[in-house]
Amino acid sequence: QITIKIADSLPVGHYVSQYFTKPWMEAVTKQTNGKVTFEYYPAEQLGKAKDMLALTQSGVADIAYVVPSFVPEKMPMSPVAELPLAEAIGCRGAEAYTRLVNRDSQLRKLDFDANRVRPLLVQSLPPYQIFTARKISSLKELEGMKIRVTGSAKAAVMQRVGAVPVQIPTPEVREALSRGTVDGMMFVYTSLFPYDLHPLVKSATTEVNFGGWISSYVISDRKWKSLPAGVQGAMTTLADKYNREGCEKVMADDLRDRERLVQGGVSLLRLSDAEKADFAQRTRTVAEQWAADLDKRGRPGSAVLKEYRDELAKN
Amino acid sequence: MSPVLACCLLLAALLFFGVPVAFSLAIAGVVGLFMIGGWDSVIGILQTTTLSSVSSYELVAVPMFILMAEFVILSGIANGLFEAAALWVGRVRGGLAMATALAGAGFGAISGSSTASAATLASTSLPAMLRQGYDPKLASGVVAISGTLAMLIPPSVALVLFGVIADISVGKLLIAGVIPGVIVTLAILLTVYVIVVVDKKAAPVAAAASWRVKLAVLKEMGPMLLLFGLITTCIYTGLSTPTEASAIGALGALLLAVRSPKFSRAGFVTACSRAMRTTCMILMIIVGAHIFGYFFTLTRTTHAIVAWVSALPLDPYTILAIILFGYIVLGCVMDQAAILILTVPVVLPVVKALGFDPVWFGVIVVVTAELGMVTPPVGLNVFVVSKTTGMPLGTVFHGIWPHVVAHILVLILLTVAPGLVTWLPSNMQ
Amino acid sequence: MGKIIRVCEDATRYAGIAATLAIMAIIACDVLFRYAFNAPLAWAYEFIALYLMAALFFLPLGYVQRCQGNVAVDLFVRVLPATIRSWLFRVGNLLAAATFAVTGMVFAEKAWDAAASGEEIIGPYVWTTWPIYAVVTLGLVQFVLRALYQVGQSATTLQRDAAEEAHGE
Ligand code: NA
Ligand code: NA
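Residue numbers (this note's numbering), protein chains in the order written: chain B, 36 to 350; chain U, 22 to 450; chain G, 335 to 503.
If you're looking for bench data, these hints aren't it; they were derived computationally from the structure.
Hints may be right or wrong, so weigh each one.
[Claimed, not checked] For lysine to aspartate or glutamate, the following EDC-like pairs were computed, each having C-alpha atoms within a straight-line distance of at most 20 Å:
1. B:K260 <-> B:D148
2. B:K83 <-> G:E380
3. B:K341 <-> B:E130
4. U:K408 <-> G:E380
5. B:K57 <-> B:E108
6. B:K57 <-> B:D275
7. B:K260 <-> U:D61
8. B:K83 <-> U:D188
[As the list claims (entries may be wrong)] Sample of chain B residues lacking proximity to chain U, with all beta carbon distances greater than 12 Å (derived):
9. G69
10. E74
11. T241
12. V266
13. D328
Bear in mind that the values here come from a model prediction, so they are computed numbers and not experimental data.
Every residue, glycine too, gets a C-beta built ideally from N, C-alpha and C.
Modelling step: build the complete structure from the supplied sequences, incorporating the hints.
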């Protein structure tokens with residue numbers, strides 16, 4: 036009989052736990068004939084989001100939900116999958132990232148092996164879009180607008196299109212947007228509704244990659260080694276299954292919520308081919324800059340970026 | 022004996038024997054973690070929680086509002102508040118007591134600290150009332166209760182803390198405190214009115230003032246109105262977020278303090294040091310409560326409590342009444358910040374499961390916390406009033422009970438008509 | 335010994351005050367620059383969350399303990415005789431010191447590891463992490479020293495330290 040403690044920082048009922056965590060836990064229990072059971076601690080019950088990696092390392096939890104961009108000092112390479120690369124749209128970015136972390140790559144060595152953890156479930160969000168409080172009809176109008184972002188890569192993208200990136204804690208975004216502290220924000224469709232932001236939005240972009248989000252449930256090496264081969268096999272096979280299915284569901288939800296927004300009167304900003312080319316031109320250097328910053332500090336940023344791009348090309 | 026029971030007993034014993042709340046929580050939590058998960062769990066929780074529970078941007082408003090309260094005192098801009106209110110209330114029996122309530126509300130609008138407010142009122146309005154022959158019970162009681170208005174009327178450290186712990190919008194909570202703040206002020210005025218009608222000897226009729234004097238005194242209120250206007254503008258025009266407004270408010274109060282003729286370097290350092298003490302005290306309890314809280318979660322106790330309460334065959338309002346009664350009892354013996362930090366993570370899920378609005382509940386909890394500030398045996402505001410004036414504790418507690426009754430009536434009113442709390446935040450776009 | 339502890343406490347208390355005032359000033363500038371020039375301070379958010387909040391809370395811990403600024407439920411102990419009360423105070427201090435000594439050791443190790451491996455957050459700005467853990471350690475060590483030192487102090491000295499009104503010098 037094996038009991039596994041699994042922790043995350045997601046609110047109860049979050050789509051990640053609905054599409055990935057819970058079905059995976061149930062399937063593992065079922066496939067091992069009840070030999071493996073889980074104690075689930077959602078909603079920061081064991082620690083803040085940025086504590087999750089340390090909690091698996093110390094053994095407080097066996098498996099935890101880790102967001103690399105919350106622990107950049109421990110997982111500096113994974114944000115490669117959050118860069119605004121046009122070819123990483125849809126589930127392709129997550130698939131390439133998952134393949135990389137499941138084989139002997141630089142990315143895996145630096146972000147997982149070095150932290151004595153291994154990835155199981157991997158989640159990505161649909162590409163981030165720009166949502167504005169007043170109607171805009173071209174990307175040019177973003178110039179000078181204050182846009183709420185998270186993280187330096189997304190801030191760089193906003194600077195490249197002439198907008199002003201602003202950092203504000205998530206609980207204050209709604210008021211900031213409604214009172215004009217910011218003019219818009221970089222967000223994903225599915226997150227608008229839980230934060231009740233949809234009534235404030237007038238325009239939304241679509242089908243552009245302004246940046247991404249990558250996260251994963253990791254298990255500590257120590258716990259992993261203590262598991263019988265059969266259980267390990269069940270966990271990885273089922274993780275593959277739910278990674279694929281989960282991502283498809285997330286993308287479907289994205290389209291559904293975009294539709295909901297349009298029905299609520301929000302105007303969709305689709306870029307013309309010329310605008311797309313212009314955007315690609317402007318943001319081309321964001322990924323290179325990200326890699327160069329790491330290279331400068333003696334980390335193989337460029338090598339990991341190449342690794343990721345090569346993997347994307349295999350799709 | 023189960024680890025949960027053992028550690029709860031340990032916690033109770035530590036608290037009982039006067040070990041500071043923050044330490045009691047940390048010690049009991051560490052012992053508990055060791056019992057259920059050994060050394061690894063202890064280290065694992067200590068190395069994450071100690072830092073991450075206090076080093077977040079969201080918490081910035083706590084030290085900033087506390088700093089602002091200290092700078093407001095340092096600047097002395099609120100000292101004339103009572104005098105102005107007294108002139109404007111005019112020829113009414115118990116006029117000075119009513120002016121104290123109004124001054125408390127005014128002070129509350131520029132300061133988030135209840136004890137700071139009580140101390141200021143105690144040194145300005147209480148001597149004036151005693152000179153005019155007020156019953157000391159009436160005079161000190163109204164000062165202690167009027168001080169609590171600062172924690173309900175925005176800016177409020179208590180509401181910010183609730184927002185951070187409950188992970189709900191601080192801005193919404195602050196706005197939600199406005200109408201209840203006005204209601205509590207009216208309740209204090211009404212209570213004073215009833216007291217002086219029943220017992221005419223309790224208070225004399227205040228002197229009337231000419232319009233010229235009334236207007237002249239308003240001018241002195243300038244700096245205060247400026248500061249109030251600054252925070253309000255920042256928050257409600259979108260110039261800044263409420264968190265940022267707390268820093269701007271602190272800076273504004275500092276500038277007013279520097280400008281005051283009595284400003285000194287030593288006074289400035291004292292004000293900053295006092296702010297550090299209050300801030301560290303609150304943050305230390307947050308750390309302790311987190312350590313104990315994670316132990317509690319790992320034993321699945323929180324889970325069990327929420328499930329158990331939600332399944333009780335009682336209607337939501339009965340359960341709510343029991344919870345609020347628990348808060349009032351806790352408020353008798355414990356520090357308000359400690360109560361908030363300790364109970365909200367367990368109680369809020371229950372309250373939400375019962376179908377109550379979390380913003381409304383935040384305001385209700387702060388109104389009960391106000392009661393805790395003035396109820397015996399531990400009532401911080403009563404201590405402050407007694408310490409500032411040298412009046413016996415018994416006299417002040419004696420003068421407080423009509424206000425306690427009025428406060429409970431307000432609580433009932435806010436529960437029966439929750440719209441009084443939720444209307445303003447839901448209509449602020 | 336007591337003198338050294340006191341001087342260190344006051345030094346870090348002033349550092350904590352400096353961090354608090356810095357938060358105030360940085361946020362005010364950030365808002366001003368964002369509003370007036372559309373140019374917010376891009377580093378402000380991370381700098382405050384990573385370094386200043388930690389400094390503001392941990393650095394004054396020794397001083398706060400000297401002032402006995404941590405609230406307690408003293409309702410029941412107040413009726414006890416003074417000797418028993420002071421023994422309870424000593425036991426409480428020892429337990430708290432033990433708890434936070436363990437925490438301090440954990441953070442000292444974290445600071446050491448972070449410095450040895452050159453741990454940093456890399457982006458447009460590079461944030462080195464060991465100073466954060468070092469600040470936590472420093473604050474906790476001061477707390478532990480003060481709590482232990484208080485065990486040997488007389489009730490009168492303790493009261494005098496706690497009631498110290500002239501916080502500025
Ligand atoms: Na207030
Ligand atoms: Na009380």
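Status of the hints after comparison with the structure:
Straight-line distance between C-alpha atoms of B:K260 and B:D148 comes to about 13 Å, which keeps the hinted pair within the 20 Å bound. Under the criterion of a C-alpha separation no larger than 20 Å, the hint pairing B:K83 with G:E380 is consistent with the structure, at around 17 Å. Taking the CA atoms of B:K341 and B:E130, the gap is about 16 Å. The hint holds against a cut of 20 Å. Annotation: proposed proximity of U:K408 to G:E380 is violated, straight-line Cα distance about 42 Å (limit 20 Å).
The suggested pairing of B:K57 with B:E108 is violated, with an alpha-carbon distance near 29 Å, which exceeds 20 Å. Between B:K57 and B:D275 the CA atoms are separated by roughly 14 Å; this keeps the pair inside 20 Å, and the hint holds. With a CA separation close to 18 Å, the supplied pair B:K260 and U:D61 stays within the 20 Å bound. For the proposed pair B:K83 and U:D188, the alpha carbon gap of about 12 Å is at most 20 Å, so the pair holds.
Its beta-carbon lying about 20 Å from the closest one in chain U, B:G69 satisfies the requirement of being farther than 12 Å from that chain. In this structure B:E74 is not separated from chain U by more than 12 Å, as the shortest Cβ-Cβ distance comes to only about 8 Å. Distance to chain U confirms B:T241 as a non-interface residue, since its nearest Cβ pair spans about 25 Å, more than 12 Å. For B:V266, the shortest C-beta to C-beta distance to chain U comes to about 22 Å, beyond the 12 Å cut-off, and the non-interface label holds.
For B:D328, the condition that its CB be more than 12 Å from all CB atoms of chain U holds, with the nearest at approximately 23 Å.
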